[in-house]
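Below are the chains, spelled out letter by letter.
Protein chains: 2
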Amino acid sequence: MKIGIIGLGLIGGSLALEWRSQGHQVLGVSRSDITCQKAIERGIVDDASVRLTLLAAADIVFICTPMAAIAATVKQLIPHLKPETIITDVGSVKTPIVEACSQLWPNFLGGHPMAGTQYQGIDAVEKGLFEGRPYVLTPTETTSPAVTKQTEALVRSLNPQVYICRPETHDQAVAWISHLPVMVSAGLIEACLQEKNPDVLKLAKALASSGFRDTSRVGGGNPELGTMMAQYNRNQLLKTLSQYRQTLDQLIEVIQQEDWQKLQQHLEQTHNARKDFM
Amino acid sequence: MKIGIIGLGLIGGSLALEWRSQGHQVLGVSRSDITCQKAIERGIVDDASVRLTLLAAADIVFICTPMAAIAATVKQLIPHLKPETIITDVGSVKTPIVEACSQLWPNFLGGHPMAGTQYQGIDAVEKGLFEGRPYVLTPTETTSPAVTKQTEALVRSLNPQVYICRPETHDQAVAWISHLPVMVSAGLIEACLQEKNPDVLKLAKALASSGFRDTSRVGGGNPELGTMMAQYNRNQLLKTLSQYRQTLDQLIEVIQQEDWQKLQQHLEQTHNARKDFM
Numbered sequence: 000m001k002i003g004i005i006g007l008g009l010i011g012g013s014l015a016l017e018w019r020s021q022g023h024q025v026l027g028v029s030r031s032d033i034t035c036q037k038a039i040e041r042g043i044v045d046d047a048s049v050r051l052t053l054l055a056a057a058d059i060v061f062i063c064t065p066m067a068a069i070a071a072t073v074k075q076l077i078p079h080l081k082p083e084t085i086i087t088d089v090g091s092v093k094t095p096i097v098e099a100c101s102q103l104w105p106n107f108l109g110g111h112p113m114a115g116t117q118y119q120g121i122d123a124v125e126k127g128l129f130e131g132r133p134y135v136l137t138p139t140e141t142t143s144p145a146v147t148k149q150t151e152a153l154v155r156s157l158n159p160q161v162y163i164c165r166p167e168t169h170d171q172a173v174a175w176i177s178h179l180p181v182m183v184s185a186g187l188i189e190a191c192l193q194e195k196n197p198d199v200l201k202l203a204k205a206l207a208s209s210g211f212r213d214t215s216r217v218g219g220g221n222p223e224l225g226t227m228m229a230q231y232n233r234n235q236l237l238k239t240l241s242q243y244r245q246t247l248d249q250l251i252e253v254i255q256q257e258d259w260q261k262l263q264q265h266l267e268q269t270h271n272a273r274k275d276f277m
Numbered sequence: 000m001k002i003g004i005i006g007l008g009l010i011g012g013s014l015a016l017e018w019r020s021q022g023h024q025v026l027g028v029s030r031s032d033i034t035c036q037k038a039i040e041r042g043i044v045d046d047a048s049v050r051l052t053l054l055a056a057a058d059i060v061f062i063c064t065p066m067a068a069i070a071a072t073v074k075q076l077i078p079h080l081k082p083e084t085i086i087t088d089v090g091s092v093k094t095p096i097v098e099a100c101s102q103l104w105p106n107f108l109g110g111h112p113m114a115g116t117q118y119q120g121i122d123a124v125e126k127g128l129f130e131g132r133p134y135v136l137t138p139t140e141t142t143s144p145a146v147t148k149q150t151e152a153l154v155r156s157l158n159p160q161v162y163i164c165r166p167e168t169h170d171q172a173v174a175w176i177s178h179l180p181v182m183v184s185a186g187l188i189e190a191c192l193q194e195k196n197p198d199v200l201k202l203a204k205a206l207a208s209s210g211f212r213d214t215s216r217v218g219g220g221n222p223e224l225g226t227m228m229a230q231y232n233r234n235q236l237l238k239t240l241s242q243y244r245q246t247l248d249q250l251i252e253v254i255q256q257e258d259w260q261k262l263q264q265h266l267e268q269t270h271n272a273r274k275d276f277m
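Just so you know, the sequences run in chain order U and A.
Read in numbering that gives the first Met the number 0, the first sequence has 127 at position 128, and its numbers run on one by one without any break.
Read in numbering that gives the first Met the number 0, the second sequence has 86 at position 87, and its numbers run on one by one without any break.
Careful: at least some of the hints might be erroneous.
Identical copies carry no separate label here, and so any pair may be met within one copy or between two of them.
Capping the alpha-carbon separation at 20 Å, the derived lysine to aspartate or glutamate pairs in EDC-like fashion look like this [unchecked claim]: (1) K195 to D275; (2) K74 to D58; (3) K195 to E98; (4) K148 to D45; (5) K201 to E167; (6) K238 to D248; (7) K238 to E257; (8) K274 to D213; (9) K274 to D198; (10) K204 to E130.
Derived by calculation from the structure, the hints in this document are not laboratory data.
Same shape as in the complex, but just chain U (with noise of 0.2 Å):
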């Protein structure tokens, strides 16, 4: 199969040397020639170009580049494909790009590898990244069945855990799992900082362990894409906030009465119920 990549950092880059090496000829597009180089240099592709006339040949193509750039290079890259290429993607909200980009190409299919590490680009592509780990794929009622069987059987011989689902059903999933988290998570690194006694303050931050250490990391991480996630899905977004502090409520109130015994019973539930997100 030709398959063509377009942008090669840490999902491009290893997917493509994930292929390549099952004997799949595959095509690097990259905005910078340096990484164009480093991705033949190291084997990672069997060509790669700042060009998309690369990908004139491509049976798929995989749109690797950051979630606002997805729509955009979509429509660049058509006036070069054969009509019965299909086009995918790795964004991590799919409702938005997979509107946008279905109305520009019926072949195209929304895709999300979930897999990452705290590295980026093209050095830190990896062997292996995807087993084991979900990579979800999102088809609508317009999608031709060939075209979700064909990407379907590709992105399996990655040996991820597999998962179709409609675009919405996936991006309400991530915002409880994945973006409600941030939220929830900055807030409670923010809440702190409003705390008005220095003394407090000072001793808050050295007595801060591993407890605080979970709770904050993701309200912690990168601004750019905490605030990227909450553009993209924003209404499934606040829909989880919603519920989110509602349950808070529920829970401060308890505190409040000092009704310890129902405190306990939430507690229980949530010690119960978090082995099922394991």
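Starting from the known structure of chain U, fit chain A onto it as the hints suggest.
Same frame as chain U, now just chain A:
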């Protein structure tokens, strides 16, 4: 020095082991005969008993029982002690304990060694447990400086980070970095469970990874412990929850208004501030 330890669990046993290895005479009291036997056999203490009379000659007694038992233990202990004996405790909330125990025994000083592992009981006893970890002492205006000085000297031999502050300052600080995170994190798990669409909830559970795992960890912890913290530190916890709720409302508003620049400023602030808590 003759050191008494009541409660030979992870904290009490580890304190005993440390000081005995420094040449102090360490006397342990536990409700359990088997624990007393283990403590002697393993060289954790010089002698152990289920009876408080063992501590008649102690210069200082560390009460390492669960928080709910501390004041009652002091009351039972008093008839057996020399008047100059210092009593201190290791409870994780200080104001209510210090208030109750100072009235019972003038030479009482509150303490909180912030060391722990995921294990409990005498089998979890660990050498070096307190090294580099915070150990907070909380004298009040009625505490004799000599009591604080002697206790501090002994505690410093564990090589911890010693902090000396008022009980209220300690409690407000731990509300921020320890008790608030439990509620914030429990709220996250509980809110997810309110998702009405079973497909979304199932997918959310399947896709949850390190971000959700870390943010939900302390909220899925020991329910009895979480309830006890809230009970003993109710007022300070409610203050932090009230501030947290305000901060969360501001984040929700910014997202509703689609003010992405402002959201990014918030996330940059939390990104930068988190380092100070590490």
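Copy assignment of K238 with E257, given that the CA separation must stay at most 20 Å: Between copies, since 15 Å is at most 20 Å while 29 Å is not.
K274 and D198: within-copy, between-copy, both or neither at 20 Å Cα: Classified as between: cross-chain Cα gap 18 Å, same-chain 38 Å, threshold 20 Å.
Identical-chain pair category, K195 with E98, by Cα at 20 Å: neither (47 Å within a copy, 24 Å between copies)
Identical-chain pair category, K274 with D213, by Cα at 20 Å: Both, since 17 Å and 13 Å are each at most 20 Å.
Alpha-carbon proximity between K74 and D58, which holds within one copy, between copies, both or neither at 20 Å: Within one copy, since 17 Å is at most 20 Å while 81 Å is not.
Homomeric proximity label, K238 with D248: Cα distance no greater than 20 Å: both (16 Å within a copy, 13 Å between copies)
20 Å Cα threshold - placement of E167 relative to K201: between (44 Å within a copy, 14 Å between copies)
Within, between, both or neither, where K148 and D45 count as close if Cα-Cα is 20 Å or less: Neither: 25 Å inside a copy, 72 Å across copies.
K204 and E130: within-copy, between-copy, both or neither at 20 Å Cα: Between. Shortest inter-copy distance 18 Å satisfies the 20 Å Cα cut-off; intra-copy 38 Å does not.
Status of D275 relative to K195 across identical chains (alpha carbons, at most 20 Å): between (39 Å within a copy, 16 Å between copies)
The structure fails to meet hints 3, 4 from the earlier list, while all remaining hints are met.
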